[in-house]
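Participant: Chain residues, written in single-letter form:
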Amino acid sequence: MRAVSPFIISNLSKSFTMHLRGGLIIPVVERVNFSLEAGKCTVLGGPSGIGKSSILKMLYGNYKIDAGSALIKHGQEQVNIACVEPRKMLEIRKKTLGYVSQFLQTVPRISALDIVAEPLLQHGVTQKTAHERVKELFTLLNLPEKLWHLPPATFSGGEQQRVNIARGFITAHPVLLLDEPTASLDTKNRQVVVEMIEKKKQEGVALLGIFHDEDIRQSIADKIIDVSDFAPLDIVKGRSKNEDGQAA
Amino acid sequence: MTRELPLLDAQSISKFYGSRSGCEEISFQLFSGEVIAIVGESGSGKTTLLNCLSTRLMPTSGSIHYLGRDGVARNLYQMSEAERRFLMRTDWGFVHQNPSDGLRMAVSAGANVGERLMAVGERHYGSIRQTAQNWLERVEILADRIDDEPRTFSGGMRQRLQIARNLVTAPRLVFMDEPTGGLDVSVQARLLDLIKGLVNDLGLSIIIVTHDLAVARLLSDRIMVMKEGRVIEAGLTDCVLDDPQQPYTQLLVSSILKG
Amino acid sequence: MNDEVGDGEVLASYNFAYLDEQTKRMIRRAILKAIAIPGYQVPFASREMPMPYGWGTGGVQVTAAIIGPEDTLKVIDQGADDTTNAVSIRAFFAKTARVKTTMQTGKATLIQTRHRIPEEALTNDQILVYQVPIPEPLRFLEPRETETRKMHGLEEYGLMHVKLYEDIAKNGHIATTYAYPVKVAGRYVMDPSPTPKFDNPKMNQCEALQLFGAGREKRIYAVPPYTNVVSLDFEDHPFEVTKFEEPCALCGSEGAYLDEVILDDKGHKMFVCSDTDYCEKQQRKKMQNLGEEAKQRAFS
Numbered sequence: 001m002r003a004v005s006p007f008i009i010s011n012l013s014k015s016f017t018m019h020l021r022g023g024l025i026i027p028v029v030e031r032v033n034f035s036l037e038a039g040k041c042t043v044l045g046g047p048s049g050i051g052k053s054s055i056l057k058m059l060y061g062n063y064k065i066d067a068g069s070a071l072i073k074h075g076q077e078q079v080n081i082a083c084v085e086p087r088k089m090l091e092i093r094k095k096t097l098g099y100v101s102q103f104l105q106t107v108p109r110i111s112a113l114d115i116v117a118e119p120l121l122q123h124g125v126t127q128k129t130a131h132e133r134v135k136e137l138f139t140l141l142n143l144p145e146k147l148w149h150l151p152p153a154t155f156s157g158g159e160q161q162r163v164n165i166a167r168g169f170i171t172a173h174p175v176l177l178l179d180e181p182t183a184s185l186d187t188k189n190r191q192v193v194v195e196m197i198e199k200k201k202q203e204g205v206a207l208l209g210i211f212h213d214e215d216i217r218q219s220i221a222d223k224i225i226d227v228s229d230f231a232p233l234d235i236v237k238g239r240s241k242n243e244d245g246q247a248a
Numbered sequence: 001m002t003r004e005l006p007l008l009d010a011q012s013i014s015k016f017y018g019s020r021s022g023c024e025e026i027s028f029q030l031f032s033g034e035v036i037a038i039v040g041e042s043g044s045g046k047t048t049l050l051n052c053l054s055t056r057l058m059p060t061s062g063s064i065h066y067l068g069r070d071g072v073a074r075n076l077y078q079m080s081e082a083e084r085r086f087l088m089r090t091d092w093g094f095v096h097q098n099p100s101d102g103l104r105m106a107v108s109a110g111a112n113v114g115e116r117l118m119a120v121g122e123r124h125y126g127s128i129r130q131t132a133q134n135w136l137e138r139v140e141i142l143a144d145r146i147d148d149e150p151r152t153f154s155g156g157m158r159q160r161l162q163i164a165r166n167l168v169t170a171p172r173l174v175f176m177d178e179p180t181g182g183l184d185v186s187v188q189a190r191l192l193d194l195i196k197g198l199v200n201d202l203g204l205s206i207i208i209v210t211h212d213l214a215v216a217r218l219l220s221d222r223i224m225v226m227k228e229g230r231v232i233e234a235g236l237t238d239c240v241l242d243d244p245q246q247p248y249t250q251l252l253v254s255s256i257l258k259g
Numbered sequence: 001m002n003d004e005v006g007d008g009e010v011l012a013s014y015n016f017a018y019l020d021e022q023t024k025r026m027i028r029r030a031i032l033k034a035i036a037i038p039g040y041q042v043p044f045a046s047r048e049m050p051m052p053y054g055w056g057t058g059g060v061q062v063t064a065a066i067i068g069p070e071d072t073l074k075v076i077d078q079g080a081d082d083t084t085n086a087v088s089i090r091a092f093f094a095k096t097a098r099v100k101t102t103m104q105t106g107k108a109t110l111i112q113t114r115h116r117i118p119e120e121a122l123t124n125d126q127i128l129v130y131q132v133p134i135p136e137p138l139r140f141l142e143p144r145e146t147e148t149r150k151m152h153g154l155e156e157y158g159l160m161h162v163k164l165y166e167d168i169a170k171n172g173h174i175a176t177t178y179a180y181p182v183k184v185a186g187r188y189v190m191d192p193s194p195t196p197k198f199d200n201p202k203m204n205q206c207e208a209l210q211l212f213g214a215g216r217e218k219r220i221y222a223v224p225p226y227t228n229v230v231s232l233d234f235e236d237h238p239f240e241v242t243k244f245e246e247p248c249a250l251c252g253s254e255g256a257y258l259d260e261v262i263l264d265d266k267g268h269k270m271f272v273c274s275d276t277d278y279c280e281k282q283q284r285k286k287m288q289n290l291g292e293e294a295k296q297r298a299f300s
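Residue numbers (my numbering), protein chains in the order written: chain A, 1 to 248; chain B, 1 to 259; chain C, 1 to 300.
For the record, the hints were derived by calculation from the structure and aren't laboratory data. One or more of the hints may lead you astray.
[As the list claims (entries may be wrong)] Between beta-carbon pairs, the in silico distance windows are:
1. Asn204(C) - Ser27(B): 47 to 57 Å
2. Gly33(B) - Glu77(A): 19 to 29 Å
3. Gly23(A) - Glu228(B): 19 to 29 Å
4. Ile26(A) - Tyr77(B): 43 to 53 Å
[Claimed, not checked] Simulated coverage check for chain C against chain B, where a stretch passes if three residues somewhere in it have a Cβ under 8 Å from a Cβ of chain B:
5. 165-178
6. 234-247
[What the hints assert, rightly or not] Under the rule of at most 25 Å between Cα atoms (straight-line distance), these lysine-lysine pairs were calculated in the DSS-like manner:
7. Lys33(C) - Lys150(C)
8. Lys197(C) - Lys163(C)
9. Lys188(A) - Lys201(A)
10. Lys135(A) - Lys196(B)
11. Lys196(B) - Lys128(A)
12. Lys88(A) - Lys196(B)
13. Lys196(B) - Lys95(A)
14. Lys135(A) - Lys94(A)
15. Lys107(C) - Lys286(C)
16. Lys94(A) - Lys196(B)
17. Lys73(A) - Lys88(A)
18. Lys243(C) - Lys269(C)
19. Lys146(A) - Lys135(A)
20. Lys163(C) - Lys150(C)
21. Lys201(A) - Lys94(A)
These figures come from a predicted structure and were not determined experimentally. No residue lacks a Cβ here, since even glycine has one placed at the ideal position from N, Cα and C.
Please model the complete structure; the sequences and the hints are all you need to start from.
Facilitator: Right, dumping it as structure tokens:
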């Protein structure tokens, strides 16, 4: 018998209603269907502006889902992200669903070391062990040691992103969402991230990512989903319908 | 699997001032370790709600059950005043927008922090002072200010002192009313950091009222948006702020995040 | 009207002990309630008295309500019987109630006092009436009367220790030396009026009934005989009675409360008993002893 997929997405639809612009409705995606597999990396493809990031945000509970379901395997239960209580969503984020965004949300006075160690501490790992693991990751990602104890607010984009990646990869979430984690990295560090993703796959983690870099996509993707397939059919119609409102 | 009981369970809280309503039909649950923000413009009823929740004000109707340390949930509005006041000075904290409402301005910083300890029967001067000193350090007030009165402190220091005064009895629930209001931006950032750190370290549950969405985003897990006395939108903080559904919430978000 | 007060030198138009009988009854009811709830401040309808507030109008009303023709009255002002306040109050009752007055603690049945408790132990057939300026011990820390009443009602007395904490923090020891707060019968915290803390231990298990009257603040409170009165303190800063390094310069007694008396412009001073009656008694004793010794020496 086949194991249940860690994340099954069926008929997911989303549109934005812009009340400040006369109730303009902007459809984003319609009837998104796919599922993730443990130990595999699925990549969302298609031109920019097609709704790839929106899909990730919906799956992370960051955007509301208008229709459809997204069933995630959370411990022993299956939970539908589309109608989950906020508290449950937080628990899922803590234990099951990880997310690496493009940008690091910096907390002004907390050191890079502590920012990355925090999710581990939440899981009950001792501070000493957590710091050791963070240092390993920082070394792997070539983050200069002199930065470790500084708050990342003043770091360069690439340095911040490496801190961000370390924070996203340090936990053992069985499902991991990656929103262009390699965007501002140099070739050497991109390669490191590719290796880290490979390692996650070996550990049985189901990954879903957006990668603009063709090389990376080629080297890590087990499956590529073209998001253009889910472009709303009435998108052109909808826009023309609201043209007056938009102009006003 | 046994279901965890909420720390605070508010059901249909309404407060009327004559025929005018302060807040209407508000229900929500707060679980241990959660931070919930109540946002809205001034006059939206958020402070009335906070005062009803913290029993500083009696609502016209509704109930709140609070889970005591003994694991029993009791209706706050049916408790005796003595019980409620005991709760307020041991298991709860209340951080006022204006520190002088929450501090004794003519009493030293050390005594301000120590008061709650003395109120619950601590009678050893040395240990009260030691605890006060530890808390002052924790909220980044230099130890040599322990005998100074808060009226000689800056606004940010006063607010940090007020927090220390509240947390000294290790409360499980803290109410905050615009804790960063009236502070400079840089002072605000430092205070928010401090609160964030304390929430993480102590596993505090917080109900915070703020009109500042950035404060809500930084501190809270969940958010309730109030307008004209009612909650019009609620959910995960990042979800409500990144994908607001109601026209009013969209207006609020777009007016604040413009900068 | 009382016919007894009809003749000659006493003022015919005044009632016995000045106050009318209805007022006295009202005050007595307040006193009874105060005795029933030791340390609790009972409100009463304080009257205008023919003396200014701050001159003991509360104490005078309590005294007027309980004094009888058979009583012997002693009035103390800062320990002394011969200062203005003591003299005028004594004269007031001598005139309006025609009671006997005395300066000797042992001979008095009723003692009205300001700021001191006599050194001589009181007995169970005596009543001590205190004049109280500010009855509320929490007042200086909590200005709201509604709040202080609630604090008394719910026995929330943390604030009292805040005051003592401040003392230690500022002075290294509890520097409150008068109006030192006490807990009465394990329940109410009470301000013992501005008596020196030296006198606090005398209130504990006192044989005499102690009544407190605050005229301006309109409060009466009481400590019944044989009641526990405990001075508040910290474990590591226990309550301590003021100690004097030298004995009284007049009577030589040790262990009594002393007043500093400046003798001249050059700063010379001496310490003498604040309780004048006690001091005189000790002096007489001393003289007697000296006489005895001289006699013995002469006959040996």
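Participant: Each of the hints needs a verdict: does it hold here or not?
Facilitator: Status of each hint after checking the structure:
no. : hint                             : verdict
1   : Asn204(C) - Ser27(B): 47 to 57 Å : holds, 55 Å
2   : Gly33(B) - Glu77(A): 19 to 29 Å  : holds, 21 Å
3   : Gly23(A) - Glu228(B): 19 to 29 Å : holds, 21 Å
4   : Ile26(A) - Tyr77(B): 43 to 53 Å  : holds, 46 Å
5   : 165-178                          : holds (count 5)
6   : 234-247                          : holds (count 4)
7   : Lys33(C) - Lys150(C)             : holds, 19 Å
8   : Lys197(C) - Lys163(C)            : holds, 15 Å
9   : Lys188(A) - Lys201(A)            : holds, 20 Å
10  : Lys135(A) - Lys196(B)            : holds, 24 Å
11  : Lys196(B) - Lys128(A)            : holds, 22 Å
12  : Lys88(A) - Lys196(B)             : holds, 21 Å
13  : Lys196(B) - Lys95(A)             : holds, 21 Å
14  : Lys135(A) - Lys94(A)             : holds, 22 Å
15  : Lys107(C) - Lys286(C)            : holds, 21 Å
16  : Lys94(A) - Lys196(B)             : holds, 17 Å
17  : Lys73(A) - Lys88(A)              : holds, 13 Å
18  : Lys243(C) - Lys269(C)            : holds, 18 Å
19  : Lys146(A) - Lys135(A)            : holds, 12 Å
20  : Lys163(C) - Lys150(C)            : holds, 18 Å
21  : Lys201(A) - Lys94(A)             : holds, 20 Å
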